[in-house]
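Colleague: Respectively, the protein sequence lines represent chains S and P.
Each residue of the first sequence is one higher than the last, beginning at 1 in our numbering.
Each residue of the second sequence is one higher than the last, beginning at 1001 in our numbering.
Just so you know, the hints here were simulated from the structure itself, not pulled from any lab data.
Watch out, some of these pointers could steer you wrong.
As the list claims (entries may be wrong) - Partner residues are not named here, just some residues of chain P that face chain S (Cβ under 10 Å, in silico): (1) S1019; (2) S1037; (3) L1041; (4) A1049; (5) A1109.
Note that beta-carbon positions come from the ideal geometry of N, C-alpha and C, so glycine has one too.
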Amino acid sequence: MSIGPSEHPNRAPGKVFADGMVAALRSVFFYVLLGNYVGIGALAYEFGFSLGWMVLSTLLVWAAPAQVILISTLGTATLVEVALAVTLSSVRFLPMVAALVPMLRREGGRQRDLLLPMHLTAISVWVEGMRLLPARPREQRVAFYNGLGVGLIMAAIIGSAIGFYLAARLPPLFAATLLFFTPLALLMSSARNSRTLLDGLAFGLGLVVGPIVAAQKIGLDLMWTGLIAGTIAYVVHRVREAKAKVTP
Amino acid sequence: MTFGMEPYLALILLGFLPSEIWRWLGIVLGRGLDEQSEIILWVRGVATALIAAVVARIVLIPPGALASVPLSVRLAAICGGFLAFLLIRRSAFAGVLAGEAVLIAGILAFGG
């Protein structure tokens, strides 16, 4: 479905924001986030965090892998390891935001108007934004994107509250299935996003290298796994690219 | 919590700042960076491997109620889920559903 810019004449910013929220409700990501955050909410409960902390972590961090790292390592790993692991897991925002800025910028627009939309940027919001924004006139894009982001972040907050509530009341069998949702969802969404040999290889190697590094008990095992497995995958990718260029 | 910091302070210093910094840098760099540049490709590889390590950690060293489920059941569930994902048109939904089904069947058969 594509709507031409001409069909959105001079709408008030509030209306455009509401359009963005409606787009969030229609997005498949609304329901994916709801389910994924039920699992993360249950995880936070098991690790002894409060619901208020969980909600605030979604509002402030707004990155499922980073939140899972934070929740599952904060009690056991060193502070440096937690910070490094979260930093590395969120690097993807840099190229995503850099690609989005030109789409949201307009004549006479202020840099600080971009702070909120960029904070709301997560993989789901970004994918839907890149798909829907081109159909919007430039002056409506920031408000629309803000509505989209707020709508999707709400799905995550509702999901985490449900997960928190269920984990506290369900028998262990169901609590275990809720907790298992997180690794399954991370695995499937990574596998679906991996379009290149580099992505697939990095993930596969990470699964194998992770437990090996962890067994050495040298600390910082998430970071070392990322650096070792990610670099091997990158080198293999480079070698293949070079070969492909030599023999076209 | 084994550390002395308040969880909310930890959230801001170890969760908010380390992820927000990349969004700020992204605004500053704007379109200056190519998504296919070599440094971005390497960083993506590192980040992807790190997420895989998180998956392995939750399956092998699970929290709370999941810890009472036998390791063989956890491994069978994650592998079964991935197999279903590959077989059923790379559907994430099918993969998650199949993984959960294997987990529940395993718990019922071998205890949890």
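Colleague: Looking back at the hints listed earlier, which ones does the structure fail to meet?
Modeller: Violated: hint 5 alone.
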